[in-house]
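These protein sequence lines are chains A and B, in that order. Letter 58 of the first sequence, counting from 1, is numbered 58 in our numbering, and no numbers are missing. Numbering-wise, our numbering comes out as the position in the second sequence, counting from 1, plus 405.
A few of these clues could be false.
[Said to hold, decoys possible] Below 20 Å or equal to it, Euclidean Cα-Cα: the simulated EDC-like pairs (lysine to aspartate or glutamate) are:
#1 B/Lys-540 to A/Asp-332
#2 A/Lys-135 to B/Glu-544
#3 A/Lys-329 to B/Asp-559
#4 B/Lys-508 to A/Asp-332
#5 B/Lys-466 to B/Asp-485
[Said to hold, decoys possible] If you want the ones that stay clear, here's a sample from chain A, every Cβ over 10 Å from chain B, calculated:
#6 Arg-90
#7 Leu-97
#8 Glu-129
#9 Ile-133
#10 Asp-154
#11 Leu-164
#12 Asp-190
#13 Leu-337
#14 Leu-369
Please keep in mind that the hints were generated in silico from the structure rather than gathered at the bench. Note that CB positions come from ideal geometry on N, CA and C, so glycine has one too.
Spelled out, the chains give:
Number of protein chains: 2
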Amino acid sequence: MAAKKRKPANESEQPPRAGAAAQSKKTAKKAGKPGGLDKLDNLTVDSIDETATKVFDTIQKRGKPELSFPQRSLANVTYDKKIGHFKLGRGRKERTLTVNTVKSFAQTLKLMALSKEMVLEDDFATKREAYYISKNWGEAKFAEQPESDACMDDIEALFSLRGLSREHLRFYPEEHGGSVNGELIVIDRDPETGESVRIDCTTFASGAYTIPSSVEQLRFETKAKFVLAIETGGMWQRLNAQKFWRNYNCILVAMSGVPTRATRRFIRKLADDNDIPVYAFVDCDPYGISNIYRTLKVGSGNAAHLNQFFCVPQATFLGVTPQDIIDFKLEDATHPLLDVDIKRAKDALKNDPFFQSHKEWRTAIEQLLRMGVRAEQQALAKWGLNFVIDEYLPKKLKETKKFLP
Amino acid sequence: MAAKKRKPANESEQPPRAGAAAQSKKTAKKAGKPGGLDKLDNLTVDSIDETATKVFDTIQKRGKPELSFPQRSLANVTYDKKIGHFKLGRGRKERTLTVNTVKSFAQTLKLMALSKEMVLEDDFATKREAYYISKNWGEAKFAEQPESDACMDDIEALFSLRGLSREHLRFYPEEHGGSVNGELIVIDRDPETGESVRIDCTTFASGAYTIPSSVEQLRFETKAKFVLAIETGGMWQRLNAQKFWRNYNCILVAMSGVPTRATRRFIRKLADDNDIPVYAFVDCDPYGISNIYRTLKVGSGNAAHLNQFFCVPQATFLGVTPQDIIDFKLEDATHPLLDVDIKRAKDALKNDPFFQSHKEWRTAIEQLLRMGVRAEQQALAKWGLNFVIDEYLPKKLKETKKFLP
């Protein structure tokens, strides 16, 4: 299998080879997953086989094979307070094998085959890599990456109906996750040996643990009381330098803006597996509220098929709230709302099913619009660099029930 | 001192206080640096005192106090192959205390005072925080952050003449550094206790070590043969998953685009302290070459005063080179150069002292322009996901002498 892995998909064209020195390095990794496939790996392989077999049988019967994908458009999205995330509707788009669709049909099957191969060999591909792999598919090659991305999204949507995410299909995101410190032990497995590895997130001093791009294999040990998801690296840095996580027995995660898939999935698994609440601490502006927080909590509308994995329904909003600007006398440390802020806030009120279903949020956003200002989390530094640690967070954390939903 | 730290700079306005619960948490951290100030801390404090005293004495003598800052414009920048980075020229701008300059003069001194206070109390501030701190300076408050940023740049430039960086002044960047795996032990100090902490970068499985935003306090233990600085998180992920660093006894650093200050400083210290070479592995396009690599190697022109700390003169360019596109048959995995690529490449040839002083680079960039295409590092996946590990890197690493300068 190791040999197979290094073989270009298309025999006809041969790659330039390095010398003997390189060959000797080729055993970098045992082929196949150490310890064999797990339950979800098998479900993935079976789902792919089943789909492919159905197509094959139909062709055998001289019928027109068909693949039915969920529609990924916003129009096919619903929000259910109880489920707590945007959900795919029943909308489907059929792709039937015809003279016109033969190429995209073939590409879909080739991409599924690549996915199966990667599961069997315990490998993965980024979107970019999957696109380039196709360059050796002859006629079926993708001309541009947006084509392969769309094809991958369809496959992801299809298998999401079976509870499989893109990561289970071994298509990993380019970006890894955010930085983590605190009362947490992450249990990962060594990619080579499969042995489990314990990572103690209290041991990094001024540094941190970087969340890997795929977190499906992670397990956790923690007695932490909550996860604090922080918007800016600067604020995360301060809380870590002051060992806030030690004094409040919590876990700090730096999102650095809108959290990546890996960051959201990591927080979700962490909160699910250990039944701990998640508090979001972001700027008080429409971007922090309706982009960063909303994406963390319910996922994003145009990727509804993956929200079931990549959202954190148990998250609540610690701050900075519009009311905090008044309660903590931050008025002279605010900035006027820009047109883009106002537009974003009004869109949230008018079009976003999440905010529409939570009266507290509508009230808060309307208050923000009335005040006409926004405040960054660092605005608290007006009262001293560590005011946020000595006054703001302690006060807020005494009333977690009052956090915005 | 702990109390002082929590006191707003301006007595007149009092901050809202949290309850007793908060007070009890206030000892989160001992005031002052555990183990006292080090040599550079003292140099920083002395430099600030000296500057302030000179101003004070001049005023006592009823003279016009003056501060002389290096000009930070490109016009005041030179490149010296031997030194290996962009360098500040002799250009200076004087700021004399007059009725018109009194405010900016006062702001400069207040910011220096904040810096001294932070060194003494072992604290730090991001640019954002420093701006908000000023909101309690009464008349001397900054109206907008760009004002405080510019003021901070002047101070940084001034003290850079004494070999001090912004981090020594305790102004830390918002962003932390990239992700690190490999044959390296990082020795940091616990921010609370000052005890040294050992971080073994071979123990993160699929995760990684995040470089802190300030790395001045770090020390290293390593027998690694080289540092591989990688442009994309995706490629870094693959090399880590295959434990490339183990098989090649090296250290992997993910830059994720143009490397942050912290990432550049980390690589520089690592390479200096342990005398190991740094190889850059980025996309073959004008952005990867003239933005990412050039910034890593010689720093950025418009921040010349800090390049002496934040560049990596020992870095060389492993690839992807224009010649690699031919040698590794990547033609059909390339993209046409966009206008912005062509403009960037021509600017590099025409205006960039670094590329002008290296014939090999001029030849390579001209070749790229003739070919009219660019190639991402993932283009190598055309030959199989792990072709980069099994063929490309081994072949390149056999001829490090041929790397572009």
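These are the hints, each one checked on the structure:
1. B/Lys-540 to A/Asp-332: holds (7 Å)
2. A/Lys-135 to B/Glu-544: violated (64 Å)
3. A/Lys-329 to B/Asp-559: Measuring from Cα to Cα gives roughly 31 Å; hence the hint is violated.
4. B/Lys-508 to A/Asp-332: holds (19 Å)
5. B/Lys-466 to B/Asp-485: Measuring from Cα to Cα gives roughly 42 Å; hence the hint is violated.
6. Arg-90: Its Cβ never comes within 10 Å of chain B, the nearest being 35 Å, so this holds.
7. Leu-97: Fine: 27 Å to the nearest Cβ keeps A/Leu-97 off the interface.
8. Glu-129: violated (4 Å)
9. Ile-133: violated (5 Å)
10. Asp-154: holds (21 Å)
11. Leu-164: The claim holds: A/Leu-164 sits with its nearest Cβ about 19 Å from chain B, beyond 10 Å.
12. Asp-190: Violated: least Cβ distance 6 Å, not greater than 10 Å.
13. Leu-337: At roughly 16 Å from the nearest Cβ of chain B, A/Leu-337 sits farther out than 10 Å, so the non-interface label holds.
14. Leu-369: holds (23 Å)
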